[in-house]
Amino acid sequence: MAVIGIESSAHTFGVGVVDDGRVLSNEKEMYRIGTTGMIPAKAAEFHVKNSAAVIARAMKNAGVSARDVTGVGYTRGPGIGPCLQVGELSAKAIADELGVDIVPVHHGVCHIEIARVLSGLKNPVVLYVSGGNSQILKRVEEPKPHYHILGETFDVGVGNMLDSFAREINLNPAWGSSVEKTAHGGKYVDLPYTVKGMDFAFTGLLTRATELVATNSKEDLCYSMQEVAYSMLCEATERALLLTKSKELCVAGGVAQSTRLKEMLKNVADEHGMKFGFAGNEYNADNGAMIAFVAERMLKAGMHSRMEECDIEQKYRTDQAVLP
Amino acid sequence: MKMFSEGAEAKIYEDELLGQSVLVKVREEKKYRVKKLDDEIRTLRTKSEARVLYRASKLGVRVPKVVAVGRFSIYMERLGGKLMRDSEHHPGIFTILGTMLGMLHEGNIVHGDFTPANVMLDGGRVAIIDFGLGTMSSSIEDKAFDLLLMKRSVDAKMYSLLEESYSARCKEAKSIIGRLADIEKRGRYQTRTLM
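Protein sequence lines correspond, in order, to chains F and B. Per the working numbering, the first sequence starts with residue 9, numbered consecutively. Per the working numbering, the second sequence starts with residue 48, numbered consecutively.
Be aware that one or more of the hints could be misleading.
What the hints assert, rightly or not - Examples of chain B residues lying across from chain F (beta carbon under 8 angstroms, computed): (1) 50; (2) 54; (3) 79; (4) 81; (5) 84; (6) 159; (7) 160; (8) 192; (9) 196.
Unchecked claim - A few chain F positions that, by computed beta-carbon distances, are all more than 12 angstroms from chain B: (10) 49; (11) 101; (12) 108; (13) 129; (14) 204; (15) 206; (16) 268; (17) 274; (18) 290.
No wet-lab data here; the hints were simulated from the structure. No residue lacks a Cβ here, since even glycine has one placed at the ideal position from N, Cα and C.
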């Protein structure tokens with residue numbers, strides 16, 4: 009028995025195969041953003057060109073044949089429309105060809121669930137940070153099991169902000185990890201810090217940092233921007249942890265790849281004697297295995313969808329996704 | 048000093064000052080923040096909270112009275128009663144709260160975390176506490192956020208009582224409530240579920 013998961017919400021076309029919670033393979037091809045960022049139509053075209061090969065490679069590396077496949081899951085959203093559609097169509101083709109169950113899943117829930125289960129946490133407060141999203145969540149059972157949003161960004165995701173700044177100062181590739189590399193050896197300069205309860209905002213920080221490019225070094229700005237943004241996230245997360253009287257903290261999503269962010273969050277958890285968990289970076293970056301991982305759990309819980317119900321939703325909210 | 052409660056923002060201790068029982072709110076160091084940023088945030092927030100508490104008190108809104116202020120600590124009056132969050136309450140409380148928030152906003156004080164966790168009830172007496180995220184601000188947007196936080200935390204009927212007395216007390220209420228509707232329309236938050 010094996011479940012295939014397909015991820016295509018942004019620049020990554022990823023396919024993973026999971027059997028009973030074990031990841032058998034996790035293959036991907038990534039559209040190169042260069043210094044321009046993502047162009048939706050080009051990214052979708054990239055996915056179309058690579059989909060068949062990545063699916064074949066994932067099945068080969070997992071050692072499964074078409075007969076072993078019992079279900080397929082794909083990212084319904086949130087993400088970029090044209091990119092999501094490629095994943096949806098690939099999943100439908102597999103379901104149709106092999107006559108297996110299909111289930112659309114929420115991209116963020118998959119990042120969270122694989123990180124939570126692999127790090128052995130039960131019901132943590134979750135900081136989900138990626139390009140498009142920055143949310144603080146906790147599982148709630150009513151009216152249906154879902155991740156309740158305790159706090160989130162008022163404007164852009166933290167990754168999106170770092171990516172925009174990377175483009176502003178011509179880093180290549182223009183995304184957050186390049187900002188983290190450039191930050192080494194930087195000194196702290198004052199930047200706006202915006203936290204409202206458990207919510208936060210990043211555009212003021214981006215605007216100010218951009219204004220300071222002319223008079224400050226890239227290293228200082230990257231360092232300060234990262235310190236301020238991550239401190240904001242830590243403060244809001246700490247508030248959520250104490251408000252919900254939680255004993256566990258989990259971080260997931262693309263920005264969870266940041267060593268500095270994890271170091272700061274560990275400090276918050278240690279301060280209150282809480283457990284802190286996260287997944288390996290192969291699951292923090294966009295990937296197909298996490299989709300397969302959650303799809304398998306949903307299929308086991310009887311949550312498959314009829315083919316005609318399967319669609320995409322660019323603004324699929326985390327709290328709208330029902331959990332298995 | 049004996050610890051009274053621990054929040055994310057600060058720790059609160061029990062103490063006595065000149066024979067009077069007081070609470071001491073101390074913003075302790077956050078090791079995850081770089082020192083310069085951390086010191087700045089803690090000094091600024093302590094100063095601003097003390098100033099806001101003093102101003103609110105002068106406006107006639109019931110808040111803990113400030114007794115003394117240090118760099119990272121505020122000594123304040125210890126109020127009796129229970130948190131609104133943890134107690135049964137009469138709908139009349141919302142009418143009082145609306146008037147109190149109207150008075151604060153008229154005086155350009157924004158609370159910053161206006162929820163039932165920051166309201167103390169002592170019999171029929173209502174007090175607003177924890178101005179840790181409070182600011183002096185005339186911004187319509189900031190004021191609208193005070194309403195938004197309370198609206199998200201309480202029953203819609205109760206909230207409408209609050210909005211009614213708020214409107215009667217605050218001259219700019221109409222544009223603030225209008226902005227609140229705008230904020231709620233901002234894509235991301237339309238469907239946010241309540242806990």
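Do the hints match the structure? See the list:
1. 50: 13 angstroms, violated
2. 54: 6 angstroms, holds
3. 79: Since chain F brings a Cβ to about 4 angstroms from residue 79/B, closer than 8 angstroms, the hint holds.
4. 81: Residue 81/B check passes; min Cβ-Cβ to chain F is 5 angstroms, inside 8 angstroms.
5. 84: 6 angstroms, holds
6. 159: Since chain F brings a Cβ to about 7 angstroms from residue 159/B, closer than 8 angstroms, the hint holds.
7. 160: It holds, given that the least Cβ distance between residue 160/B and chain F is near 5 angstroms, below 8 angstroms.
8. 192: Holds - the Cβ of residue 192/B comes within 8 angstroms of chain F, reaching about 6 angstroms at its closest.
9. 196: 7 angstroms, holds
10. 49: Per Cβ check, residue 49/F is outside 12 angstroms of chain B; nearest 23 angstroms; holds.
11. 101: Consistent with the label, residue 101/F stays out of reach of chain B, its closest Cβ about 31 angstroms off (over 12 angstroms).
12. 108: Given a closest Cβ separation of 32 angstroms, the condition holds.
13. 129: 19 angstroms, holds
14. 204: 6 angstroms, violated
15. 206: Its Cβ does come within 12 angstroms of chain B, the nearest being 9 angstroms, so this is violated.
16. 268: Violated, since 10 angstroms does not exceed 12 angstroms.
17. 274: 9 angstroms, violated
18. 290: 26 angstroms, holds
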